[in-house]
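2 protein chains.
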Amino acid sequence: MEKLKLLNERIVSRVNANLREFDFDTGRFISNAIEYDKLSRFYCFYGITSHHPIDFYFKHASMAGSYFLGKCAVNQSIIYKSDIRGDELKRKGDIMDQDNPLPLVEDETIVVNSSLLYKTLVHSNSHNIETPEEFTIRNTVSSHYANIHGSTIEGCFLGPFSTIDLMNLHSCIVGEFSYLQAGEFFHKKIDPGVIHIETKDFRFQYRYRKEEIDKYIGVNESSQPRGLIQQFVRGKEPEFERLFKVVDLPPIQAPESSAVNRYAVIKGDTRIGENVLISQGAYLEDAHMGDGSNAQENTYIIHSHLIGMNITAHGGKIINSEIGQKTFVGFNSFLFGKQNAKLTVGKGCIVMPHTIIDIECPLQIPENHIIWGYITCEEDLENNTISIEKLNAIDGKQTIGKMIFSGQGKIFINGFKNRIEQILVANGAYCDHDEDCRGHAQDDQQISFNTLQPYRSGKDEGLYPFIRIRP
Amino acid sequence: MEKLKLLNERIVSRVNANLREFDFDTGRFISNAIEYDKLSRFYCFYGITSHHPIDFYFKHASMAGSYFLGKCAVNQSIIYKSDIRGDELKRKGDIMDQDNPLPLVEDETIVVNSSLLYKTLVHSNSHNIETPEEFTIRNTVSSHYANIHGSTIEGCFLGPFSTIDLMNLHSCIVGEFSYLQAGEFFHKKIDPGVIHIETKDFRFQYRYRKEEIDKYIGVNESSQPRGLIQQFVRGKEPEFERLFKVVDLPPIQAPESSAVNRYAVIKGDTRIGENVLISQGAYLEDAHMGDGSNAQENTYIIHSHLIGMNITAHGGKIINSEIGQKTFVGFNSFLFGKQNAKLTVGKGCIVMPHTIIDIECPLQIPENHIIWGYITCEEDLENNTISIEKLNAIDGKQTIGKMIFSGQGKIFINGFKNRIEQILVANGAYCDHDEDCRGHAQDDQQISFNTLQPYRSGKDEGLYPFIRIRP
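Residue numbers (this note's numbering), protein chains in the order written: chain A, 1 to 471; chain B, 472 to 942.
Hints are computed from structural coordinates only; laboratory data are not their basis. Treat the hints with care, since some could be wrong.
[As the list claims (entries may be wrong)] The calculated lysine to aspartate or glutamate pairs, modelled on EDC-like cross-linking and capped at a C-alpha distance of 20 Å, are:
#, chain 1, residue 1, chain 2, residue 2
1, B, LYS930, A, GLU435
2, A, LYS459, B, ASP672
3, A, LYS245, B, GLU669
4, B, LYS681, B, ASP662
5, A, LYS459, B, GLU712
6, B, LYS716, A, GLU435
7, B, LYS861, B, ASP662
8, A, LYS245, A, GLU435
9, B, LYS716, A, ASP248
[To be verified] Some chain A residues well away from chain B (every beta-carbon gap over 10 Å; in silico):
#, residue
10, LEU6
11, ILE413
12, SER457
[Claimed, not checked] A few chain B residues that face chain A, going by a derived Cβ cut-off under 7 Å, partial list only:
#, residue
13, SER521
14, HIS523
15, ASN691
16, SER693
17, GLU712
18, ARG713
19, LYS716
20, LEU720
21, GLN724
22, ILE737
23, GLN924
24, TYR926
25, SER928
26, PRO936
27, PRO942
Don't be surprised by glycine CBs; every beta carbon is placed ideally from N, CA and C.
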């Protein structure tokens, strides 16, 4: 274990050096989160398909319980129960920046250096035009159920259930349950529960109250997550353990055009439509997945019906709900209907990332609305939703409840709608058995997993040997 | 599959080129043995421990269902359900040849090139002083349950259940159930059922009758094995399949000083003593394994008692038998006692490799005897055993039944006894919790397995990507 502990210390000191202006010690989080014996007990996976370029490069690192797909290079890092999914990485010859149309000189690779990722999701489709061949995570500590989505991250600490979406972050601390999609940040400390989306054309801002954060996803004095969402997620963890104990699971009933990952939990009366993608780490119980819908990593869909063409972004939780046609549910949203208090979201809606809906009475949200923030009853809808039509018309600043929007609503809406279409296409939602429209739902079916093991004893215990896998 | 089929053709043409003087087509064996769909269905293993140097190099090859340990490099080859176990490879600095005491310049590696190994066991402890850093298998096709034991093999075809032990073989065909340990052979065709052990000091020869070979391990017109031993082995294969379907098996009750590989079948009232080694692919049912005994790969120990310090060499089968203290059972021996016809072998005996004892009445073999050939009843003992004392005294030529011995009996006996001691030491039979006497039984306990996967579809189907694993 000596070498692993040394590696841990090295990562902490590097990240702390990046964050020294904030007098912040990532060691507090790590020392209470990491159970060293688990690092030497769990294997990791590398997915092999004939559709995704293979290149797995691993050196002086620990990667217990983690899942890798696509081109990944990891060095001097600890990746614990994380998903590193590189299936949207750009390829050699792709043109990323239309203003400067130079093709990529080689396939893009996710490169993780001197970082500790704890139950973190890293998804590709990176946006940083400065380094098109490398999607970089460096000198960073990231905690429970954080999402790093196509974002360059250097010298940062990401709190539990935070999301960094399509941006660059340098030497920042991100509080728990905050969502950022705002171009580039340097040397900032972002409070917990902040939703901040910003481009040159608009800004969308929302901030949870401290007591709300404390109730759903605060951290305790040991820097560990606590609250309702954390409890919910922890309660489901044992269900995933079974998936790791058997080699071959009985296949899940699903159409040929759909992919159900073997590391997803599928329970009860769950039905899978055409062109559906169920990713690893998804949890489905009595879930009706309409045609073209998907459940991404760390999503939970329970006693719910997704009508069709629904995206459930990483970490989205949908319980006792009906989600209308092409309604989008953003990262880490927590739609918490009850058995006697069903949530119905109309078609064409956008549930913004990190939205919490926790109701005790049935609630209907009309179609074509944008939904954000904290909603517990019908009265909250006024301050937490707006029709797409109305938002489209905004040009300037408008405050609705605690949400502040400024800029051009039309560009905000168009940006979202385009992104939803891109995700549906990438996931293969429109495939209809057409080879040209293949997406993850089709390409991820014939996947097999290399399971890779750490040293189980000696001074290298918990570390993995050097591993390279390529075509 | 195209690439895999092309690889297969390339291997066949290379081996045939080496064997053209015999007008021998290895393609006949291969075309009837290989089921292509299985090559893309089974994963392979690479064992990771902190005691064995790690270096796994795999390029343009298929290795379905195979097991690797230690330093292995495989190129342009098909390794199907084989064991490649490199835990006795020499290390950098070791001196192999006392007459020419140059230390190895690097760790020894098993190197397999342009070969097809089908359910073959490759074990290290190689002897070829010409290439101390490389244990070579090249341009070779090897069939069901063949043993390649520390032998350099080039341009050969090895028939089912044949054993090549500590020698070099170039452009040879080895018939089914033949055992060779004879220095170096070039361009020879060895008939089925030949036992040939030869050094400059002695020669031991035995040959089974054709009808005996046909009964126990002949080949049919499709070049596939048939007969009693093949049936016996096939009948047990389903028991092994279960081991591949689960990730964690309940641990087998065994003392701390013993290792039971998780890919061994352990059934019934099986008891494991101290310093015992049970290798992958071993099958134990109602087996009492006395202290310091071992069951190597592809051994079967059923309703039997091994008193202690017993070696059961690769492929040995012991049924309804009691094996005395420090009695050695050689490669592929078939000791087939029956419920009402128990076989008892006294202490200090050497059951020569490829011995068949198939009895219908109880049989006792006295202690300190050498045992060989085909024994069905007490009368056969006269022509198939000799006391160690008597053999020790031979200096010249002596024929006993069909066995011809010439040379110095003392050197033959001493050679065998030394080798038995070496194996016991290597396996950790004398460990007694003493760190200096650790062997496989102790070092193989903390083993974990990387499972590596082939491409499941496309033109690469059944092949594996390039894989390198090293410290």
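Is the Cα-Cα distance between B/LYS716 and A/ASP248 20 Å or less? Given pair B/LYS716, A/ASP248 holds - Cα atoms ~6 Å apart, limit 20 Å.
Claimed clearance of chain B by A/SER457, with the beta carbon kept past 10 Å: violated (4 Å)
Closer than 7 Å between Cβ atoms is the bar; does B/TYR926 clear it against chain A? Give me holds or violated. holds (5 Å)
Would the pair B/LYS930 and A/GLU435 pass a check requiring their Cα atoms to be no farther apart than 20 Å? holds (17 Å)
Cut-off 7 Å, beta-carbon criterion: hint that B/LEU720 touches chain A: violated (10 Å)
For the pair supplied as a hint, B/LYS681 and B/ASP662, is the alpha-carbon distance within the 20 Å limit? Holds - the C-alpha atoms of B/ASP662 and B/LYS681 are around 10 Å apart, at most 20 Å.
Taking 7 Å as the limit, does the beta-carbon of B/GLN724 come near enough to a beta-carbon in chain A? With Cβ-Cβ at 20 Å, over 7 Å, it is violated.
Quick one, is the B/PRO942 hint okay against chain A at 7 Å, beta carbons? holds (5 Å)
Less than 7 Å between beta-carbons is the criterion; does B/ARG713 satisfy it with respect to chain A? Check failed: Cβ of B/ARG713 comes no nearer than 10 Å to chain A, outside 7 Å.
Given B/SER928 as an interface hint, is the shortest Cβ-Cβ distance to chain A below 7 Å? Constraint on B/SER928 satisfied, holds at 4 Å.
For the hint on B/GLN924, just tell me whether its beta-carbon gets within less than 7 Å of chain A. holds (4 Å)
With 7 Å as the cut and Cβ atoms as the points, is B/SER693 at the interface with chain A? B/SER693 check fails; min Cβ-Cβ to chain A is 30 Å, beyond 7 Å.
Going down the numbered hints, you'll see the structure goes against 2, 3, 5, 6, 7, 8, 12, 14, 15, 16, 17, 18, 20, 21 and 22, while the others check out.
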